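Engineer: Residue-level listing of the chains:
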Amino acid sequence: MDRKTAAESNVKAPERALGDEADRVRGRLPRGRRRTRGRLRSLVIPFLAIVTALIIGALVIVFTDETVYAAFGDGVGRGVARASSVITRAYGAFFSGALGNPVRIITALFSGQGTQIRRAIYPLTETIRISTPYIFAGLAVALGFQGGLFNIGAEGQYFVAGLVTVFVGYAVTGLPGIIHLPLALLAGAVGGGIWGAIPGLLKAKTGAHEVINTIMMNYIAFRLAEFMLDANGPMARGDGRPVSPEIQPSAYLPQFFPNQIEIRVNTGFLLALAVAVLVWWLLYKTTLGYEIRTVGANPRAARYAGMSVARTVVITMALSGALAGLSASTDILGVLHFMPNAFSSGYGFDAIALALLGKSHPFGVVLASLLFGALRAGAQNMQGIAQVPVDLTSIVQGLIIVFIAAPEIIRKLYRLRQPVASDELVTVRGWGGA
Amino acid sequence: MTLIRTSAKAQRRARTLGIVFLVFAVAIVLLFVPGANAGQTTTFGFNEARGQAFVIPDLVFPTQAGLYLMATLVAFAGAYQLAHGFKRQNVVLGIVAGVSVLAFLTWAARGQSMNLTGMLKSSLLRAIPIILAALSGIMCERCGIVNIGIEGMMLMGAFMAALIGSVAGSVWVGTLGAMLGGALMSGLLAVLAIKYKVNQVVAGTAINILATGVTSYFSSRYLQKYQALNTPPTFAAIPLPGLSRIPIIGPALFDHTLLVYLTFILVIVIQLMLFYTRWGLRTRAVGEHPTPLV
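Protein sequence lines correspond, in order, to chains B and U.
All the letters of the first sequence, read from the start, carry residue numbers 1 to 434 under this note's numbering.
All the letters of the second sequence, read from the start, carry residue numbers 1001 to 1294 under this note's numbering.
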């Protein structure tokens, strides 16, 4: 879709006029409105996919609830009533955990009391906090997809960047925040970037497949972190706990509500949005981005056009790793302020799903990240209140990916019309051919 | 021209290999030797408790001297490679890698004893799931399918094995359940990839996430609550008569459960099926290039 838009914007004026003329003859909507309508229509499938996945999730909850079976034993009416109350309770907890209770937010806003407002919007801030590292990691994988590379190593790059960031955060002292914070962020980006560039370099030099090598680099990174943060490891705090020392306050990402410790949302989110715009600009407005996308679409054509495929592969992987690294940096500098041994969050693996869901477009990734952040925040609340295991999110996430990747299923379910021209994005090439 | 370039390339590879060997030698001296005290010895045991044909004496040697010996060996290999060059480079590379692993074990077992036979045995046991998963990967790769979802299929198989094995109280029904669970996930991949034309990597990723979700959801809903559902019977080891009494390789290879032996057989069967049957030829042909066959 985006490639098409880019091509369209390059159409010269006379041709565009001709196209408008043709539109009029065929009785189609003019170009601009057609595009908006196309954009809206492209949101239908993701929306229905999410709704369908949530419905199936509800069915899973009902079918695994023993009280529902017991109620059905007393009568169908009772069973249905029990089932609907189970779903309402679970999904009520889910949505209030993800977005907050709207009634409460509105009353709090009208009351004008600071504490009440903060308490009411707390779930929303948690969603944003969780989606911040998701945005970076999702952008990392999406950038790789655009360049035809499948970066499964976001998780490993995340770990390495975490180590580097936290080291710069606690070992460098006496710097003002305005230097220390960017330095720590940069260190994370460089650490992740190097970790990502190694598989890129191996691919460019020897043709070794990046999927295999990023997976292997993941294991190296996990064990490296385990070694460094072991209770007696070189980066341990030294009090017998497998965690790193606290970072200097000068490296903290500023909080939105510095006096409210429980609200953990911070400026990392703004940074994430800015980086998303930056990635969009890089991909669609610069020569390098054009090269990345060309290599991703067809490396042979790229070579024929005089681009250095090897160089582009290395740069793409390095940038991808740097983005994955920033994911860890913002998490440490903004939320944790130290690095635990069990740092694994699954962000790097969920990021693959995010990039797919966002169709590898930076803004799509941001939306998908907000969705996943909401799913995670909501699921935690759901587990606490309705005792529905938090793992339901994985089921819902998996279903969302299936439905978005196979829109045919959704179209059949909802009797939607076939699209006129398919503009599916080619995400990755297999490693059998090519 | 090409000839010269290949030989130049081979020369460079030979030189790199020699330098790598020397680096290995230096690494042994720098990494492992400082860890060992002067008087320490390393003991390698080779005997398993169960009835063995004869007993092999334990190998006891001073740790430091052993490490220096190994480092010298590796350094010599590197020097010879740089000066003359081995004919069979890959064999030498294997030997050097083996000696380096041995050096690591020597360092790890300093001041104590380590049973090498037991280590071999547990290495094999841990390799079995990887072998089976790799066989799955081979079948997929040979017919041109990128199967990212093997992890998810294994998870589902493990879950089904635990659940169905516990309910039925039979190892074989449990094994069938595991196969069914894997096949279900695999069928999902096939439907998504073939019917709905989903990119195989995407479908595989979805399968991994789905399998993680489904197995952990149901295990926290049921398996943790009702422990009886998560107590499957396990295969008992069947030592092969005669063979299992051979020292070292007996316990390592021939004192295992039926599943391990089945895995050995499967490796051979799949090799034969892929390369000596019509089905195998067709599978590989599809993997090479599907269009001419349609």
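Among the clues, some could well be false.
Said to hold, decoys possible - No farther apart than 25 angstroms at their CA atoms in a straight line, the calculated lysine-lysine pairs in the PhoX-like style are these: (1) B:LYS412 - U:LYS1087; (2) U:LYS1009 - U:LYS1087; (3) B:LYS205 - B:LYS285; (4) U:LYS1009 - B:LYS412; (5) B:LYS205 - U:LYS1009; (6) U:LYS1195 - B:LYS359.
No wet-lab data here; the hints were simulated from the structure.
Computed from a prediction, not measured in an experiment: that's the story for all the values here.
Engineer: Does each hint fit the structure? Answer for all of them.
Structural biologist: Quick rundown of the hints versus the structure:
Taken as a hint, the LYS412 (chain B) and LYS1087 (chain U) pair is broken in the structure, with Cα atoms around 64 angstroms apart against an allowance of 25 angstroms. Restraint check: the Cα-Cα separation between LYS1009 (chain U) and LYS1087 (chain U) comes to about 16 angstroms, which is no more than 25 angstroms; the hinted pair holds. Annotation: proposed proximity of LYS205 (chain B) to LYS285 (chain B) is violated, straight-line Cα distance about 28 angstroms (limit 25 angstroms). Restraint check for LYS1009 (chain U) and LYS412 (chain B): not satisfied, since their Cα atoms lie roughly 57 angstroms apart, outside the 25 angstroms limit.
Note on LYS205 (chain B) and LYS1009 (chain U): the hinted pairing holds, with a Cα-Cα distance of about 14 angstroms set against a maximum of 25 angstroms. Restraint check for LYS1195 (chain U) and LYS359 (chain B): satisfied, since their Cα atoms lie roughly 21 angstroms apart, inside the 25 angstroms limit.
The structure does not agree with the numbered hints 1, 3 and 4 stated previously, though it agrees with the rest.
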